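Participant: Each chain, written out:
Number of protein chains: 2
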Amino acid sequence: MNYGNFSSDGKEYIITRPDTPTPWINYLSNSNYCAMISNTGGGYSFHVDPRDRRILRYRYNNVPMDRPGRYLYIRDNHTSEYWSPTWQPVLKNLDEYKCRHGLGYTIIESLYQGIKAKITYFVPLDNDLEVWIFTLKNTITKQKEISVFSYAEFCLWRALGDQNDLQYIQNVALTSFANNTIYYSLFDRSTRYAFFSSSHQINSYDCDREAFIGPYHSESNPIRVEKGKCSNSQALGGNPVAVTCTDVILDPEEEKIIIYVLGVIDEKNNSKGLIQKYTDQKEVKLELQKLSTSWDAYLDAFKINTPDKNFNLVLNVWNPYQCRTTFDWSRYVSFYETGIGRGMGFRDSSQDAMAIGYVYPKRVRQRLLDLAQNQFEEGKVYHVFFPLSGKGTFPEYANKERLFFSDDHLWMILAVSDYLKETGDMSILDENVKFVEGSDGSLYDHLKRAIEFTKNNLGNHKLPLIGTADWNDTMSLPGPNNASESVWVGMQFHKALLSLVEIAEKYDHSNDAISYRKIAHSMKEHINSTTWDGDWYIRAFTDNGEPIGSKICDEGKIFLNTQTWAIISEIAPKDRAYHCMDEVRKFLNTEYGLLLFDPPYTKFNPELGGITTFPPSLKENASIFCHTNPWAVIAECMLGRGDLAFEYWEKIAPTTKNMMSKIHYTEPYIYSQMITGRDHPKFGMAKNSWLTGTAAWSLKAATEWILGIRPTFDALIVDPCIPKAWEKFQIIRWFRGALYNIEVDNSKSLSKGVKELRVDSKIVEDQLVPIYNDNKTHHVNVLLG
Amino acid sequence: MNYGNFSSDGKEYIITRPDTPTPWINYLSNSNYCAMISNTGGGYSFHVDPRDRRILRYRYNNVPMDRPGRYLYIRDNHTSEYWSPTWQPVLKNLDEYKCRHGLGYTIIESLYQGIKAKITYFVPLDNDLEVWIFTLKNTITKQKEISVFSYAEFCLWRALGDQNDLQYIQNVALTSFANNTIYYSLFDRSTRYAFFSSSHQINSYDCDREAFIGPYHSESNPIRVEKGKCSNSQALGGNPVAVTCTDVILDPEEEKIIIYVLGVIDEKNNSKGLIQKYTDQKEVKLELQKLSTSWDAYLDAFKINTPDKNFNLVLNVWNPYQCRTTFDWSRYVSFYETGIGRGMGFRDSSQDAMAIGYVYPKRVRQRLLDLAQNQFEEGKVYHVFFPLSGKGTFPEYANKERLFFSDDHLWMILAVSDYLKETGDMSILDENVKFVEGSDGSLYDHLKRAIEFTKNNLGNHKLPLIGTADWNDTMSLPGPNNASESVWVGMQFHKALLSLVEIAEKYDHSNDAISYRKIAHSMKEHINSTTWDGDWYIRAFTDNGEPIGSKICDEGKIFLNTQTWAIISEIAPKDRAYHCMDEVRKFLNTEYGLLLFDPPYTKFNPELGGITTFPPSLKENASIFCHTNPWAVIAECMLGRGDLAFEYWEKIAPTTKNMMSKIHYTEPYIYSQMITGRDHPKFGMAKNSWLTGTAAWSLKAATEWILGIRPTFDALIVDPCIPKAWEKFQIIRWFRGALYNIEVDNSKSLSKGVKELRVDSKIVEDQLVPIYNDNKTHHVNVLLG
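Residue numbers (the working numbering), protein chains in the order written: chain E, 1072 to 1856; chain Y, 1072 to 1856.
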């Protein structure tokens, strides 16, 4: 049931057979240049923005699966037999195969016809290019004469046109070959050059896809590979590719290394230095070393050692690794997100920023300011923005008469709050940021406007109007009155108010604090008096004022989010809190995770809208929508039920999927957006891997709530809520200029409750770990009791 | 050099080898349901609008080329060998192969392993579905046990999402199987059902693409065909397909016929009658007969017999056939136009309507009224509109500060003028039509507003401001002043004014006629005094007032359109007319047609914009842009140079490409949008076949100007301009309720000049053929002299 395993140090996932149920991919990126690569070499690249600067092409959802990619062909010139050392695209059965996805690099190794091949793909830290190091070794006693072909298919820069406007875009490419290098640009040059070069003499090349592949042939059997030589074609219009052919003679046991480099530049001339550097074995080795050091530094900012190996593996490596990817690319570009329409999500990027403030405070600071400039004066925000311009927009499906998403702007408050607690950098609140209309205000002013917007847009039940939708993008609840309301946003609003109260107090705006506390109090009372259904909190009201997620509903009776957030937002009284989470367990718990709600909608309902456009158990129609599961972890931790919390964490943890890949399908080293629910014939199948808020919230739930390490404005809280069976565990964490080495003793087998806390051997009475900012290591000993 | 030939009656193009340079396709359509099919079974289908109601999926610009399609697999159950009787997708070398593209049907025949296969694909006249009639014959002396698989891959209805929004759209499909029929819909059902059924018992089926194809397999080797049986899978989300498996035993010499039917319906239940009818051999034969009768009637409205076989073949069959397709689908949907963004073009549909008024007066009338409702009160029009709603829009690339295309609205006048002359139906001018803003006016009022708009939007040279662009969509001539002007639109404006003068006079609005004649006169004077460059007319002025298409330019010196239209629009004095067309011949004539201009632009020029985003000799940067060539035919006819006119007609005529398909690439039975110019390494390669204004204008040029049959308000003109070598020719044409059998005698070897014209044996003094409207045949004898 498994297609691979983690390396012993956990820093690599090693795939041992090529035919994974979906392409299992890796992101190689310096946050500017990004290359996605699958375990068989499939994938594509872009520069800064996948919509406007797409470099390599990908045929999504293709038959055959996962084409094209960064391909190599080895052709034995004695026998004319050829194969791909990455299995795809030739698909010959290799004698040996292994793919190692590591931190910022991927290595694919194989053996066929006595030739050992190893390709290391990576993107260096400081240049916008990708490197393919191709090591060939002859393991037999006979000399081998081979030709090596490299293949990369360019996208015509503008990814949308490349898919949809063929009659135009198929007439704009221009290629050239000079100094052992293929250059490609659009004729109008406004979008720069791509170049492809090699450490070895290119004997022949092709720049025209059709000339290389041949009519009615495919990547599996290119006509030029069959013939053993390229045709030196140029693309003038049509489909540009970078194909090179290099002849290699390998004596018995001889090893040769060919390095390929593919990148983007402003001017052809500027490629010279880059090519020189990245085709030099020593330099490339050095760059790989720098990459490794950089990722180690990233991971070293938070390290744990608990009795649970999966927990350690996920928290120490793969969850933070995925969080860097979601921070960089939001929900914009993957093998399932085509990097065209969506852009970077406002709510998504806000949440992504909440997970990595401890390690990337500067980048988070900038992102928060970038986000804020997509706010309108009235307080609402654009739903998405684009990385090249930073400018936002509403998606086409947005409801023109309800042109806001009711949660978007509120996430900004929560994200800024987290940043402030992590860094103590109150100066960010004074930063002057423009509104969409052109006027400006401090970031603090922006936060206030976010509150104002929700306050000014309440409905008949005095709950926030849902607008186009809330966090659930498909909960559109259309209707002529534009009157549908979100209980969940009411809870989020309460949470945002509490956060802004704290900020206002620290920021010496106590009048604001008083006023926001009042609004919060009234919203809390209001939610408790109007949305408690007897056993749980309802989810929303339709345009007609009908409840959703209520006992009186036949379908969509109980929703997860209003139970978890009743607790997270500190709205639920204690008895209701326990009760509603018990109901969650009763109705929504499955072997693969918690359902978004239950029962699924069995038919389309125009009053509910988007949510009922999915068949039961898919996506927002009652799948295990993973993003929401860590909220249950947090809620259970807040209730002190450590074993339950851990169970919920574990159910969707990627590592625990490793032995069930034939059910789970997607990569067992990262989170996916959803897992099909129990009414689907493939119950347990994950979809849309990599780009999901699950990454950020699982990290937060695990580190802040299970492990209980929570920054505040003035100190670090250590208040774990763990499985009773854990006897002890250790956390090393960077916080406000010092390293904290925290050891927790649970010899009494509890879940929660700090009896004693010592820092550097001294008991701390208020159990709050002080801020030192002295660049030293401090030892924290915590005794549960 | 050829891949096929025309049948002896000219009504079929018979392809004799499957590996054509591009997919050679046919449109099977009743103007509602449309199926495109290539010579190897590739292609897709849609219902009314290819954007919103896409039925079958196509992977444009794919590797391998031309996938997927309406596929069949034959599997010999003794040997387990399988193949496709359409060559694709299995690509086995067939013993025999033939594809016959006919009028509204396509037949693919093959022989392999002793099994003769013949598939007839067609769309019936009156139901929205397609039929595949699969005839199998065992030609050997041994019994054959075979399994037959059919394959159709559904698109997820919304074609844009199907390509770009995978994370959503991959979770909405729903299939079911009942009564020997596969049903597919979206869960929200708002877009109806597709069904797929068969005349024979379906032994097993698959609705989930991945279950049928198998991971890392393709259409070439589906895992279920390899196994010999389907898996009865359903799609719940994912990729729906209609795959069926039927077991067939064929005795020696036995023939069996399996009929497949694929269509769209509102409700599942409504499919029963359709399936019953279209799986019945007799009924299907009857429908095929009706289809044939209908196309014969279409073609019978205009028939010619001249000494030139190619001319006859193009005019009698393929040019009108293509004109029906462009009228139906404008530039919206083909193998190169993805049927997503562009919609139906305003200018395109106006011109398409000008070609088929003689045969489809009612449809043209409706189209003209539909077009007019996309006009704004100020007179400009939306650039495109969508068939489902009839509603228009501007494309995204439109210049927001110049939100109009300067030619669009003027085409409406020319199209209405043609309609009036063809039909005499002046009542259309009284039809009340809404403007975009909601107010309304008569169609005549709409025409007047079109004139007003251009009159009110003149630039510094008193020529029409170009707006976003003119007929040349890439001649954007951007700049801060929004001041660029089009000489060509000035000419078109003059032509539109003359047309409206005629209309106004007939419509008893003589004051309008007087006023428009004045404007026309002044525009004519003005163009002649400011845009004659000494040897030809310049093309435009940039935002800075610099001329384009002038002798002072290094590139883009002479443009075809302002020479041909100087004559067509009756602006050029006689001496200038001959001179500028001589210059056209000198500078723009090539072996494959007339260049759009010369020399090509060799680098991007931001002051010219779009036109310089193409490398030289591609698209609007000095290719042979075919649409413009018939204008040269018309101009030469107006100048009386019949041999020259015919040479220009012949150069781009599809039939003349038949023996040079390895150079021409696209279908030799229809026109393509462009042919690469002489600076391209593949000079003579055509691109973007089928949807082009070339179809309509070639038909007009040939019939109205070479043959010289031109309707007027009160009569039919017969005034040919032919090659001198033609001794005689005959035309049969329907006009105003009577059939005219016209015979022209050119025994004096002239090009032009009617000496004598007789109708029903009587000499007609004014040489105008009268309107009879008596449903009879009238004999017209014309003597050139």
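Treat the hints as calculated values from the structure; they're not laboratory data.
Any given hint could be a false lead.
Because identical chains share one entry, a pair is satisfied inside a single copy or across any pair of copies.
Said to hold, decoys possible - Below, a list of computed lysine to aspartate or glutamate pairs in the EDC-like style, where the Cα atoms sit at most 16 angstroms apart:
#, residue 1, residue 2
1, K1566, D1837
2, K1847, E1626
3, K1674, D1259
4, K1361, D1236
5, K1082, E1216
6, K1753, D1837
7, K1533, E1617
8, K1526, D1147
9, K1298, E1523
10, K1753, E1281
11, K1799, D1816
Here the structure is a predicted model, which means the values were calculated and not measured.
Participant: Against this structure, judge whether each hint is valid.
Facilitator: These are the hints, each one checked on the structure:
1. When the C-alpha separation of K1566 and D1837 is checked against a cutoff of 16 angstroms, the pair qualifies neither within a copy, at 25 angstroms, nor between copies, at 90 angstroms.
2. Taking the closest pair of Cα atoms, K1847 and E1626 never come within 16 angstroms of each other, the shortest separation being 56 angstroms inside a single copy and 70 angstroms across copies.
3. Proximity of K1674 and D1259 under a CA criterion of 16 angstroms is satisfied inter-copy only: 7 angstroms between copies versus 50 angstroms inside one chain copy.
4. Taking identical chains as interchangeable, the C-alpha atoms of K1361 and D1236 are never at most 16 angstroms apart, the minima being 41 angstroms within one chain and 37 angstroms between chains.
5. Taking identical chains as interchangeable, the C-alpha atoms of K1082 and E1216 are never at most 16 angstroms apart, the minima being 37 angstroms within one chain and 55 angstroms between chains.
6. When the C-alpha separation of K1753 and D1837 is checked against a cutoff of 16 angstroms, the pair qualifies neither within a copy, at 51 angstroms, nor between copies, at 81 angstroms.
7. Taking the closest pair of Cα atoms, K1533 and E1617 come within 16 angstroms of each other only inside a single copy of the chain (14 angstroms); across copies the shortest separation is 63 angstroms, beyond that limit.
8. In the homo-oligomer, the alpha carbons of K1526 and D1147 never lie at most 16 angstroms apart, since the shortest distance is 72 angstroms inside one protomer and 72 angstroms across protomers.
9. Within a single copy, K1298 and E1523 get their C-alpha atoms no closer than 69 angstroms, and across copies no closer than 64 angstroms, so neither meets the 16 angstroms cut-off.
10. Proximity of K1753 and E1281 under a CA criterion of 16 angstroms is satisfied inter-copy only: 13 angstroms between copies versus 39 angstroms inside one chain copy.
11. Taking identical chains as interchangeable, the C-alpha atoms of K1799 and D1816 lie at most 16 angstroms apart only when both belong to the same chain, with a minimum of 5 angstroms there against 109 angstroms between chains.
Going through the hint list in order, the structure does not satisfy hints 1, 2, 4, 5, 6, 8 and 9.
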